[in-house]
Each structure stands twice: as C-alpha cells, then as structure tokens.
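A.B. asks: Make a model of the complete structure from these sequences and hints.
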Amino acid sequence: MNTRFVGDSALLMDTQDAWAAQQLCLAIHKQSLRGVRELVPAYNSLLLEFDPLDFDVTNFFRLLPKFMQAKKTPVTAREYDIAVTYDGEDLREVARITGLDIDEVIHRHESAIYTVAFLGFAPGFPYLTGLDPKLQVPRMKSPRTKVPAGAVAIADEFSGIYPQATPGGWRILGHTDTVLFDPARASPALLAPGDNVHFRPVA
Amino acid sequence: MITVVEPGQLTSYQDAGRSGYAHLGVPHAGAADRLSLWHANLLVGNDATSPALELTLRGPTLHFETNAVVAFAGGRVEPTLDDMPLPMYQSVAIHAGQTLACGTLLTGTRCYLAIAGGFSPPATLASSSSDTFSGLGPPILRAGDRIDCETRELYQGWYLRFPPEFTHETTLRVIPGPHEDWFTPAAVAAFFGGTFKVHADSDRTGLRLSGERILRKYQDELSSQGMVTGAVQIPGDGHPIALLSNHGTIGGYPVIAVVIQADLPRMGQLRSGDKLRFQAVSRDQALEVLRTMDATLHAAVVSADPGLLTARSLLVLAKAHPGLRQARLRLGRWRVHVRR
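First to last, the protein sequences are chains X and V.
For the first sequence, this note's numbering begins at 7 and goes up steadily by one.
For the second sequence, this note's numbering begins at 568 and goes up steadily by one.
Don't read these hints as lab results, they were simulated from the structure.
Each residue gets a CB set at the ideal place from its N, CA and C atoms; glycine is no exception.
You may find that some hints are simply not true.
Stated by the list, open to error - Not close to chain X: a few residues of chain V, all C-beta gaps over 12 Å, as computed: (1) Ala663; (2) Arg719; (3) Glu720; (4) Val848.
To be verified - Only pairs whose alpha carbons sit at most 27 Å apart, straight line, appear in this in silico DSSO-like list of lysine-lysine: (5) V:Lys764 / X:Lys147; (6) V:Lys784 / X:Lys147; (7) V:Lys842 / V:Lys764.
C.D. replies: Written out as structure tokens, the structure reads:
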C-alpha cells in the first residue's frame, strides 16, 4: 500500500477500493489514537488528518499493517427508496452527449441500483456507484454558482444528490424532497457508505 | 445587547471550526487566520478559540447598549469609538451608548473582533462557525441584527507584544507533494521559481492564483480523495488553487504542494492582487516552526492595568492625529484629559 504525507499534518493511504477505505477507516477509528483530527475515506484512498504536535507518526506506521489486516467490520447495507422528479435542466444536454433520448436517459438512471461509495464535497453528499456506463458524462466545464438543494445529478462514473444549495458542476437530471443532511439528527447524514439507493420516479 | 448598524462586507462568526465530521462531507470552516482569532480572544481573556467576528475587507458598525471589553487582531483596521480612534491588539473598554465603527482593512483581508465573555451564536455540530459554502452555522451579519452579550468592565487587560504585519508580497512555506509525480520537473521548477498573484475570484474556499501556468503530465483527473486546508491544487488550466478553510472535503485535482500549518494564518490574510511565492521545506522544519509558534503564543500576550492600556491608546491617538492638541479618553474607570 502506498502511504504519503500530505503537508505536515496528514497522511494519504491508497486502498484497493471504497470499501477497503471504509474498512481501514473503521479499524483506525476504533483505536482512538491521540491527535487524530479527521479520517476521510474516499474512492480508493483514506486521508488521515492529525495534530502534528500530538500524533505519534512512528507508532502509527508500526500499527498500520495491523489495521490493514484487522477483522473486517460487517456493514449492514440499508435500502433507500428516493423519490425523484425528473425535471432537471441538463436532461437535454445529457441526452445529446450520450445520443440517447430523454426518456431513455431517465429510464437508465432510475432502473439502476446504486451503492453509497463515500460521502464528501458537501455535508451528506453521497457519491453513488452503479451508474449505467452509457450515462457517464464529464462534469460541466464551468460549474454553476448555485445548484438547488435536492438536485439529483451525474458526473463521470457517479450519481449524486446535492443536500444543500451549493456551487456544483454535475449534470442535473431531477430533484428530490428527501432531506439528506440534518445537523440536528443524531446521525446527521441520511446515507452511509455501503447503503443501497433506488431512485423512484414521481410525476 | 449590540445592534448591527452596518454589517460590513462579509462579517461572520468564526471559531476553531468543525472537527471530526469530514467523513460526512462537512467542511472544516473556522477562522481563515487562526492565529489572529487566538490573539483577539486572548486579548480579552477568552479561551483562544471562542467564537469571534471575522471582518472581511470592510468591517461593521456596531452600537453597544451594554458596557463591554473588546479587542481587534488581524489585518490592520483603524476603528473608531464615537469618532475617537482605537488601538488594535489590546483590550479596549466600550460604554453603553457608544458606537464602534470598525472601518476598512488597510492590510490583510480579515480582522477578528473578540468580546470579553465571548459571543454566543448557536452551535451546529459543535462549532459556531458560519460556513458560507454549505450554509451550516449562524448566518453572516445583517443590518439590524441584535447580538446578545454579557456586560463586562475593564479592570485588567492585555496587549500583544509583537503584532504581525501583513504585506502585499509574501512567501509561503510548503511541503512538496503528494502528487508531484503528475508534473514534469520543468513544471515543478516553474512552481517553486514563479511569483503568483492572488486573483479577485478568491474567497474562503480557496485562493485562485495567476502567474506562470503549471502544466501537468496527465490530463485525466485524480480519483476523488480527501483534501486538506493549504493544499495547492492544479486544475487542467494550470492555474493553482490554494484551499482555505471552507474548502469541500473531497477534491479531484492533483496537489503539487501543501502549505505548512504555521503559514496557514498568513495565507488566510492574502488579498486580491497580493504577490506570492512558494518555498519548499522539510516536514521537520515545518514542525519546528509550528512548535515555536505554539510556544510563543501565550508569552506574547502581556497583561496590563487600565492605566497602561490607556497610555497605549493615547499613543495610537497621537500617531493617528499628529495635529491633535487635546483629547478626552474613557477607558474602564479611567477618565483622561490630555493637552500638549
């Protein structure tokens, strides 16, 4: 495994895939090591941010093989049906790029079963894998300054849902009223890595 | 109670930011210049990371209905209290009925205004920082807002011994990588040899830099991965983006170098048009600088009685108004009338 320093207070560890990144994250988290500030699992890496005056790097490197071989934590995948109104402003553009008609774009997007690979970018934003390869389109050259909350969008191999109104460059296919992030909840993010998501079209 | 007469350009509450939620996609937020936040708080006897107001380029005008003790730290302002100039970097007493005009920043981009006893905006995910990117935390200040605060009198105060100066040309120390292998040796040399200019498009999520374009070996994007504050990303167009406190937790551009922790506060003070160079250092050097910064923080904040603080205020008055013949000053229980 390739591990590199990122500046003076973070380590980036390459992993096989998103699942391996989650597992490594859980194994390290369980140890409650001193000085750990953040653990950010992603597509095929785990970022560990630490307090450089408090975190024992040498000890961490010694323990790392143990974390890698730690018994895998079973992840119970929950199933979520998310109601989507397919009225997104990029439907036409996605149809043009993919050479499909709009109905076919919608059909291919709603018939796939997605898995949450990781959360990131904005609070509660899920990176969903399982997108139909025909729907893989590049993100916009110049991102929108404001994407509305609830926008269901695609970019590259991912589908995603914008939990808040933020800037963003993914192509918008529709919107949902489902609340993906609520800081007042005990677990603020609705979705967790490993969960399955089905998009259910509504008129 | 404080009433916001004029909110300033972008005045937000900031503390140490949100920690431990990055895996949910929650940006860190928090003061862009952490060191100045600490200074402002320590100068009024607060915990270093209590929420304070972060002023951006043009500060607010605030009307006080209670007595209070405040301090300014960060980019240079020339605040006035009922038209009387106030010093930065020390405790200052404000009396009920007075109006504090923070004014325009003359250097830097951000200045922190702390109040003894602390501001107490509601916390979201254990922080009162306004995250203007995702909307978490209290909203930015608006005209007419009323701010609740405790009444404080100045019996003892503090001043800072060697206040930092923010200049229009600066060098930030960085640790190369982690994606150096994405760049040709010529591009890496151009990055470390070049001078960059801060673009007007910059905000709390990042500084956009223009200058020599840093060309990549590969045009495909990095797979999405965790990003840190201080990461200098190189998008396809070759113009670097240095990430600040509101950056998204995940990014996809290769990172040529990362600004060391000790230099992040100065990076948070850069303004549009400022010139910037990058200097490579080792991790050991970076930690040495950080240790020194940590160790000298509290030693630089000196406690003083109201008499000394009044004298310092008078010096500021005299400096700001060379023609001044006489002044009346009220600081804590002190009333001073000076003639020269």
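A.B. asks: Enumerate the violated hints, using their earlier numbering and listing them in ascending order.
C.D. replies: Violated hint (a single one): 4; every other hint is consistent with the structure.
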